[in-house]
Each structure stands twice: as structure tokens, then as C-alpha cells.
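Chemist: Please construct the entire structure, taking both the sequences and the accompanying hints into account.
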Amino acid sequence: MSLTPALQDAVDAFQSMAEQDRLQLLLEYADDLPPLPERYADHPDLGERVAECQSPVFLFVEVDEAVHVHATAPEEAPTTRGFASILVQGLEGASVDEVLAVPADMPRLLGLDRAVSPLRLRGMAGMLGRIQRQVREQSAG
Amino acid sequence: MPESEPRFAEYAAPERLVSTEWVAAHLDDPDVVIVESDEDVLLYEVGHIPGAVKIDWHTELNDPVLRDYVSPEEFARLLGSKGIGRDTTVVFYGDKANWWATYALWVFALYGHDDARIMDGGRDKWIAEGRELTRERPTRPAVDYPVTPRDDATLRAFRDDVLQHLGKPLVDVRSPEEYSGERTTAPAYPEEGALRAGHIPTAASVPWGKAVNEDGTFRSREELESIYLDGAGLRGADDVIAYCRIGERSSHTWFVLQHLLGLPRVRNYDGSWTEWGSLVGVPIAIGAEPGEVPSR
Numbered sequence: 001m002s003l004t005p006a007l008q009d010a011v012d013a014f015q016s017m018a019e020q021d022r023l024q025l026l027l028e029y030a031d032d033l034p035p036l037p038e039r040y041a042d043h044p045d046l047g048e049r050v051a052e053c054q055s056p057v058f059l060f061v062e063v064d065e066a067v068h069v070h071a072t073a074p075e076e077a078p079t080t081r082g083f084a085s086i087l088v089q090g091l092e093g094a095s096v097d098e099v100l101a102v103p104a105d106m107p108r109l110l111g112l113d114r115a116v117s118p119l120r121l122r123g124m125a126g127m128l129g130r131i132q133r134q135v136r137e138q139s140a141g
Numbered sequence: 001m002p003e004s005e006p007r008f009a010e011y012a013a014p015e016r017l018v019s020t021e022w023v024a025a026h027l028d029d030p031d032v033v034i035v036e037s038d039e040d041v042l043l044y045e046v047g048h049i050p051g052a053v054k055i056d057w058h059t060e061l062n063d064p065v066l067r068d069y070v071s072p073e074e075f076a077r078l079l080g081s082k083g084i085g086r087d088t089t090v091v092f093y094g095d096k097a098n099w100w101a102t103y104a105l106w107v108f109a110l111y112g113h114d115d116a117r118i119m120d121g122g123r124d125k126w127i128a129e130g131r132e133l134t135r136e137r138p139t140r141p142a143v144d145y146p147v148t149p150r151d152d153a154t155l156r157a158f159r160d161d162v163l164q165h166l167g168k169p170l171v172d173v174r175s176p177e178e179y180s181g182e183r184t185t186a187p188a189y190p191e192e193g194a195l196r197a198g199h200i201p202t203a204a205s206v207p208w209g210k211a212v213n214e215d216g217t218f219r220s221r222e223e224l225e226s227i228y229l230d231g232a233g234l235r236g237a238d239d240v241i242a243y244c245r246i247g248e249r250s251s252h253t254w255f256v257l258q259h260l261l262g263l264p265r266v267r268n269y270d271g272s273w274t275e276w277g278s279l280v281g282v283p284i285a286i287g288a289e290p291g292e293v294p295s296r
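Same order as they appear, the protein sequences are chains A and B.
With the working numbering, the residue at position 85 of the first sequence is 85, and numbering never jumps.
With the working numbering, the residue at position 26 of the second sequence is 26, and numbering never jumps.
Note that these hints are calculated values from the structure, not bench results.
Please note: incorrect hints may appear among the correct ones.
To be verified - What follows is a set of in silico ranges between Cβ atoms, one per label pair, in the way DEER data are often shown:
(1) B:Thr134 to A:Ala51: 28 to 36 Å
(2) A:Gly111 to B:Thr148: 48 to 56 Å
(3) B:Ser81 to A:Asp42: 40 to 48 Å
(4) A:Gln15 to B:Glu21: 30 to 38 Å
(5) A:Glu28 to B:Val143: 29 to 37 Å
(6) A:Asp105 to B:Asp68: 21 to 29 Å
(7) A:Arg136 to B:Ser278: 46 to 54 Å
(8) B:Arg131 to A:Ala41: 48 to 56 Å
(9) A:Asp12 to B:Val143: 36 to 44 Å
(10) B:Thr148 to A:Asp97: 52 to 60 Å
(11) B:Ser295 to A:Gln15: 52 to 60 Å
(12) B:Asp215 to A:Leu46: 29 to 37 Å
(13) A:Arg114 to B:Thr134: 22 to 30 Å
As the list claims (entries may be wrong) - Residues on chain B that point at chain A, a partial pick, calculated with CB under 8 Å:
(14) His58
(15) Thr59
(16) Asp95
Note that the Cβ used here is the ideal one computed from N, Cα and C, for glycine as well.
Modeler: In C-alpha cells form, the structure reads like this:
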């Protein structure tokens, strides 16, 4: 089990901050969630709905030589947007093996249990699990 | 008795509501603290009413290790640090039609903070009206808030209270799917926290969102009376308990029954379904009908 270099950077950035400042960093990630590519922008419903999240979150996973993840989440759900952004940026361009090697409890490594609460971290674990399942399916055979 | 706005005069306790206009006119009022309470822990940071402070239900009002609200000492420390004194007028607002704002207000009520109000329509109405939001954190000097005991008897019900109460009016404010037993959590929410699905026998089903209009404001008194007094059979009820999954959605209904309709005794069972649905030996009803009080 290991993190992609970009996810490791994110974990290091959160861990280097005091607990109360980590929310601010999560907000920056939420602000920086990349917009959907044009081919999905008009069809967010084509993505996979993340049932573990309390807000409508849709994931788009593509596998060619590398893995590409896109996501959309509403402006009024910044925590979810922040989590989606960490995963989208942290997994972009990684190999299939690298994505599948990310441990399922990776969200806990961000040190947000007290600032955000474990309950709210479940949504992020749900997103990661769905991305990994899609990568596994798309790369099989 | 604090002043109230004429538009709210029809409600039992009109002083418990303020309009967005009222809030906009009191942003610099030293006796008023505006408090944002949301489901999303980061929403306040995205932008809030200028001068508003944030109180998070999960990380600040819940005790981290005991399943209960924070202690009197911690509550006093929290409010003092937010610049809220015992006599301060506190106006709550938040996302999802004030769902979490009413939860915070209910916890304040347990501690007897008298002057606590809701901004009708909440965060969404403020934004829909194009009013100012800021990301700037207010610098409000800390004050001393006295340590006061929490009253767990008047507005709060525990599981044994609910068992004793069976046969008197109960309101289940969760979704129809949770009530009938198809799910243990709200649609589109993660399944969590209860081993059995269904409802407390005899409880009337009135999903909390029925109390609000599309813009998040509370429905008129006439509409609320039709929903709760006629529809749920609470006319003349002198002792009502409301519950949901963890007590947040039922705080919203508690606010409606207590302050807008003025029922004499309304308690919120905050253990709610996450406790009752996992409790050994208590009766449960499944299906769309309220069910009967079990014979013991």
C-alpha cells in the first residue's frame, strides 16, 4: 500500500499544519477543483454518483496509458468538493497500479478527524473506493 | 420580551424569528451576534454574513468522547470565545432551510440562553437576495460567559422518557422511507448507525421539510396548523416528543411546535433512531402505519 507522489504531497501539506489551519487548506482544494472537461460538462449525470456523500457528487474515471479522474460537486458542499479535489489532483496521471495501491483509509491520513469529524470523512473514502473499482473494471482484460 | 417584526406576529413566539432585512440592519449591533451553523463544516469559510461567527454542531457542540452535548464548562468557554455573553441576542442561520441552525438553537436552549432566534430562510435566502458575503473572519473580543447547568428535563427526552411516553403524541420527522423501514438513513445519505429500520410505534410521520417553503422560510401559521395539528393529530396535545436520526432534523420540528405553534410541552429525543433502532428490547413498528402501543 502506498500513496501516489501527489497524494503524498497533499498528506504532507495537511500534516505540516496546525489542526485549525487544515480547514483552510481544504477550502483551497475546494476552490481548485478542476472544472469538468467539455465532453462531460453538459452531462454530469453520465458520471457515477457517490452514494456515500451527502451531496450530489459525480465521478468520471478514464483509463488509457494512465488514470484520469474528473469530479463535480456542488458549490454549497465545499467539504465534499475539497475531498474530490484532493483525489482528482492526487490521482491524475497515475498508473493503474499506483491508483490501486492507495490504502482505503487514505482520508484518515489527512489529519482532519477533529476538524471535520470521522463521519464526514466517510464520503471521501466512498469516492476513493468507487474510483478504484472503476479503474479495476476498466483495466481488466 | 424582545421586540418582534410585524410579519411574524401570527406565530406563537414571533420574537424567535428575524428577517434577512433585520439581520442586515443589525450587523454592527454590539448586542447581537450572528451565528452560522451548517451541515457542511466548510461552508462558513466559503463565505458568510459579515461579522457572523461559526458554530459547528459536530466539532463544537458534541462532546468528542461522550455521546452527549458539551459540558457546562465547555459550553461557557465556547460561547465566551465567540464573543457571546449571557444577555447577547444570538441569531442563528444556516444551510438546508436552517436545519442545523435550529439544532444549535435547541442546544443553546438546553443551557437556558434566552434570547436565541432564527433568521427566517437561512443562508440560501440571504444569498438569493444578493446580500453581502465575506470570507473575512470577524475579530470579536472574547467575553465571560457564566457556567450554567444544562436542563435535560424540559426540552430533551431520553430513551426511558420515550418508553414511558408511548401512547402520547410522537412525531417522526424522517423521510417516508426511513419511517416505513426501507432505510435507516435519509435518501441520498450514507447508511449508518442503526441495526433495525422502522419507527417508534404510534409515531406520526411528518418529514421535517414540510414545515418550510421553497425559499427556506417557515410556512404560515395556518399551513403549519394544518400539517401538525390536523394532519399529525397534535391539536390539543400537551406533551409531544419529536425524533429523527440523531436529533438534528427533529430540532427543526421542535422549533416549529414549540415557538411557532406554541404547544405547551415539546421535547426532542436526540438519541433518536441511531439509538432506538439499535436498542435491545424496545418495540419497533414497520410499514407506513403508525402501529399500536405494545402491550406489556
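Chemist: So which of those numbered hints doesn't the model satisfy?
Modeler: 2, 4, 7 and 8
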